[in-house]
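Engineer: Residue numbers (the working numbering), protein chains in the order written: chain A, 15 to 127; chain B, -19 to 95.
Take the hints with a grain of salt, since some may be wrong.
[Unchecked claim] Distance ranges between label pairs, derived from CB positions:
hint, chain 1, residue 1, chain 2, residue 2, range
1, A, F88, B, T92, 30 to 38 Å
2, B, K32, A, N32, 39 to 47 Å
3, B, Y10, A, K28, 40 to 48 Å
4, B, E(-5), A, Q94, 47 to 55 Å
5, B, A33, A, P84, 16 to 24 Å
6, B, A(-3), A, H24, 14 to 22 Å
7, B, E(-5), A, N32, 42 to 50 Å
8, A, P22, B, S65, 23 to 31 Å
9, A, L74, B, T92, 43 to 51 Å
[To be verified] Once the Cα atoms are required to be at most 30 Å apart in a straight line, the calculated BS3-like pairs of lysine-lysine come out as:
hint, chain 1, residue 1, chain 2, residue 2
10, B, K36, B, K48
11, A, K71, B, K87
12, B, K57, B, K40
13, B, K32, B, K87
14, B, K32, A, K71
15, A, K71, A, K28
16, A, K28, B, K87
17, A, K25, B, K87
18, A, K25, A, K71
19, B, K48, B, K87
20, B, K40, B, K87
21, A, K25, A, K85
[What the hints assert, rightly or not] Listed below are several chain A residues computed to face chain B (Cβ distance under 7 Å; list not exhaustive):
hint, residue
22, F79
23, H113
24, G119
25, G121
Hints listed in this document are in silico derivations from the structure and should not be mistaken for laboratory results.
We treat Cβ as the ideally placed atom computed from N, Cα and C, and that holds for glycine.
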Amino acid sequence: DTGVSQDPRHKITKRGQNVTFRCDPISEHNRLYWYRQTLGQGPEFLTYFQNEAQLEKSRLLSDRFSAERPKGSFSTLEIQRTEQGDSAMYLCASVGGLHYEQYFGPGTRLTVT
Amino acid sequence: GDSVTQMEGPVTLSEEAFLTINCTYTATGYPSLFWYVQYPGEGLQLLLKATKADDKGSNKGFEATYRKETTSFHLEKGSVQVSDSAVYFCALSRGSGGSNYKLTFGKGTLLTVNP
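Construct all of the structure, not just a fragment, from the sequences and the given hints.
Structural biologist: Structure, rendered in structure tokens:
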């Protein structure tokens, strides 16, 4: 257990529905990252926050995706009008330590039917 | 852009065999290098890291040396156990000060160790 939690662990939704995922990082870490992992691939960077500020977004993050981190604590990732191509594992990482080590949560597995 | 290439799997070994998983990278500057492990049904766990050339990262009997001349960070273990069965990811991170420390991952290598 890395101390990073994600909720829900699994989500099945129908195409066109909206979904929201939550990540609770390690409390003293001010950076938080979101990644997406598709089957047979390594995780790919989506976006990151320093405190409540979203500082960078990948081109993978289409305008149907939005992420927030109110008050610099937990973060949410919302996908609007889901598509089958959104099916993936969504990973959150809490970042701290001398060399900015990333501590990953267990992930949320999204299946769009 | 940055990229990581790692040995295609799957890799199947018998218990106590020697393990090598190759990893090479492309990046400007001086990235930090990592190996992460993902056990079935779990998130990624940091296995070991190296932050500068010639550093050796080690943990749980695994080790990897940062070779800048060959842009490599190969993972080795002298005697694998059944419990080492997992997917292993090589990754790099660039950044300093306030910049983005995002990780760039390889595709992962599935290791299965048989008793």
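Engineer: Please write out, lowest number first, the hints stated earlier that are contradicted by the structure.
Structural biologist: The structure breaks hints 5, 6, 9 and 22; every other hint is satisfied.
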